[in-house]
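Peer 1: Residue numbers (my numbering), protein chains in the order written: chain A, 1 to 555; chain B, 556 to 913.
Simulated from the structure, these hints should not be mistaken for laboratory data. Predicted, not measured: the structure shown is a model, and the values here were computed from it. Hints are not guaranteed to be accurate.
Taking beta-carbon pairs under 10 angstroms as the criterion, some of the chain B residues facing chain A (in silico) [what the hints assert, rightly or not]:
1) E696
2) I772
3) F885
Example chain A residues on the side facing chain B (calculated, C-beta under 10 angstroms, incomplete) [to be verified]:
4) F85
5) G123
6) Q144
7) G169
8) D327
9) V329
10) A331
11) D478
12) D481
13) L489
14) D509
15) L515
16) D516
17) D517
18) R519
Note that CB positions come from ideal geometry on N, CA and C, so glycine has one too.
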Amino acid sequence: MTSLTLNKITSQRGIPVGEAAKKIADLGWNPSYVQEAAVHPSDYKINKEPRDPMKQVLRSYFPMEEEKDNRVYGALDAALRGDMFRNVEPRWVEWMKLFLAIIPFPEISAARSMAMVARLAPGEELRTGFTMQMVDEFRHSTIQMNLKKWYMENYIDPAGFDITEEAFGKCYATTIGRQFGEGFITGDTMTAACMYLTVVAETAFTNTLFVAMPSEAARNGDYALPTVFLSVQSDESRHIGNGHSLLMAALKEPENHLLLERDLRYSFWQNHAIVDAAIGTFIEYGTTNRDKEKESYAEMWHRWIFEDYYRTYMLPLEKYGIKVHHDDVHAAWNRITEKMYVHNTAQFFAVGWPVNFWRIEAQTEKDFEWFEHKYPGWYAKFGEFWKWYAKLSTPGQKVVTFNEEVGYVYPHRCWSCLVPCLVREDIVTDTIDGQLHTFAHEIDRWTAVEAFADEYQGRPTPAMGKFGGKREWETLYDGWDLADAIKDLNFVRQDGKTLIPQPHMRFDDKDMWTLDDVRGHTLASPLNMLRNMTDEQREAHLTEYRAGFTINPCN
Amino acid sequence: MGVLSSSVGSGAAGAAKFSDSDSRKYRYFDPKGKRQSHYEDVTVDVQPDPERYLIQDWIINFSDGSGAYEKNATSAKSSNWHAFRAPDEEWERTHYQRQSKIVGMVQSVISNARANNVPEGYDGVWRKVLQKHLGAWKHAEFGLGTSLMRAQRFGYTQMINNATLTNSSYKLRLSQDITLFLAEVGMELDGWNDELGKETWMNDPIWQGTREAIETIMGAEDYLEQYFASNIIFEPMVGELIRSGFFMRIAAANNDPITPPVISAAEADYERNLANTIDLMYTLINDPQHGNENRALFAGWAKKHGTLANKAALGLQPIWSEPHTKPISFDDVRAQSHERVNHILGELGIGDVLNGII
């Protein structure tokens, strides 16, 4: 018997993918009656038509994404049937209140930015890629909002999830995420939507965001987050292709090289400052898993950012004539390892717990051992602090934020990345329009003072963005009583007194802090304080600040 | 798994009772209906507003000092931009389900038709009509799609921008559907010229009015004008006129059963996009503080784009004479189109604005 050759009956000649993409790229034309409306300006000049490396069309895109969705929503249903939340670690889910308050805004900002970037270069081919990215980002934003709603409906303590987007606009920690998201949609279009978003955030840092975090989630009994975020990450390769293609088109013009150098530097450093602060903290401090065989955040960073991104993506740009700031990459690595950047950030979030909208519990002896193993010297610097934090976690104690016995000194805020100046010895100051500002690092100062300016190294940059708004959160509540500030923030449960944030995982009203427990402490703006000093006082203060602080022994 | 970080040995809802342990709804916005919808939950307030919760204001500005989203990106005014909810309640899952269903249906239709040699049975004149005129029309759809892609950057709320984004996605999908449909049908037919559509779009006098109308929408700086002009004016006056009034109704009579289902998806898309647009415009035109101002603004947009759309529609008239079989006349479909646009404008309280224009 001859074998059945079904395809002789059913097969149909199709259009090759390349040809289909070419026909679709031909949908665009150069208008002759009315020119297309402006989107936002750029100081870059791009004359080369970028190519679409993915050559995908919507006909195959939509079913592919629907299939991905089916898997995601099927997994969420299965998680509930499997009683996932019975075994999920609250230490982990609490940090999702912060993470998922932030991330839908940067995602939808990326969708908006596609409108800007799609028009930057001539030709229509890559526009198809940007179109799909626009719809992808719409997917990511709403799928993440859905995940958060799902946590709110099924996790033991929904408080904080229930005010999520309100909290996003108000919190001293989400301001860091807003700096990230607004960076995609404001200022020079090429800087924002290509370099900051695609070339750096998506190409380098989504690995830590969307791959490292899911791994840690799974270790903490949460297999919903991996399902959603690995699905999100599967869209990123197309976005990386979009960014690389536009970058290659921009590289063709030598007059863009100075701006590319500027933007690569700004984008890399600020992504490091923001993403590593946040994701590093979630991964290292949100976990209960202390398996010494697993990679630390620093080890993952070295693999993904240093080896993969820096060595294989950034370095080759040199051969096109772009100056790559190698020192910055090493400085970032140094901050993550020797200067304990992530740990300083976690400590800062813990000190600020009363104005959070999630719970942070103390690290314990088991955690200490792991930290010391992965980050030698950690215990000497942070061990006593976390003991204090545990000791001061019961209502009636003097809140850690204001407890002089602890020895913590509240930090200055970096005017550029908005993460505080946590590596104390690196703080620098400078003035912008006659106003004094503090910066976490010299590169942060460079970003705010030199990169975000009207000209760069003598070249006019009229399209470049400007830092604005009330950037130092602490100035908003300067002189306020802590309890009044929390009430104003609406970080209070619906009984009108119990705080949404708690410094522990005890789910019992008798253990939970109320407004009365935190009343009587006055918030202050470190920046206002610094500005009001005489020059001598300021110099003395900064010298003392750079020397750091010592946490007192906790007995 | 070892002992959980939870004090009660579980991370599940209901494992303990304490303050707000039952707070399982987003409580930072007012739903439009009695209960908040899933769409609202995943949409409202994701784009922040300094007048609501964004207490630090926008923290990165454009070089002129304006923030990420500004109310003056449109000349329309609202006493509450956050009131609008898209009637189609689209979010990612429903969007992909619908789009995926459509591209699947379109591909099945084309594939089955090709397997049954349907294109070979096309009337010769109709073949030319498809190459030229459906080929030209795909560019109009693309123009609307790119206009709305731009527009979705500027709206003051997430609800407005997401509705505009999905509208753009629908238009761009249709332009690609038509492109690939024509290419695949052409594979079965000798002498088929896929380039003819663009050539017609760019140079044939029949299409220049339409191209001008589309380019004017593409060139509008006001994002809401782009949204208004697309769905309130151009679509009923030109889009439905040629899609339903020509391709769908005349194709079958010319031995072409494929084009109508390919195009019909667009008509269903438009019903949703029209509902979204008219709901937003209705809210603005009935705004307690700015309603009259908005009415005058929209009337101006209607006249500007209505004049162009009317010129476009009249320009297309010769197309109705081209097929061998002509089951419906241009005048009949144009009358329907006028009735439709006047009805839409009537709902907005500016029903007479095109008097003297159409």
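Peer 1: Which hints, by number, does the structure contradict?
Peer 2: 3, 5, 8, 9, 10, 11, 12, 15, 16, 17 and 18
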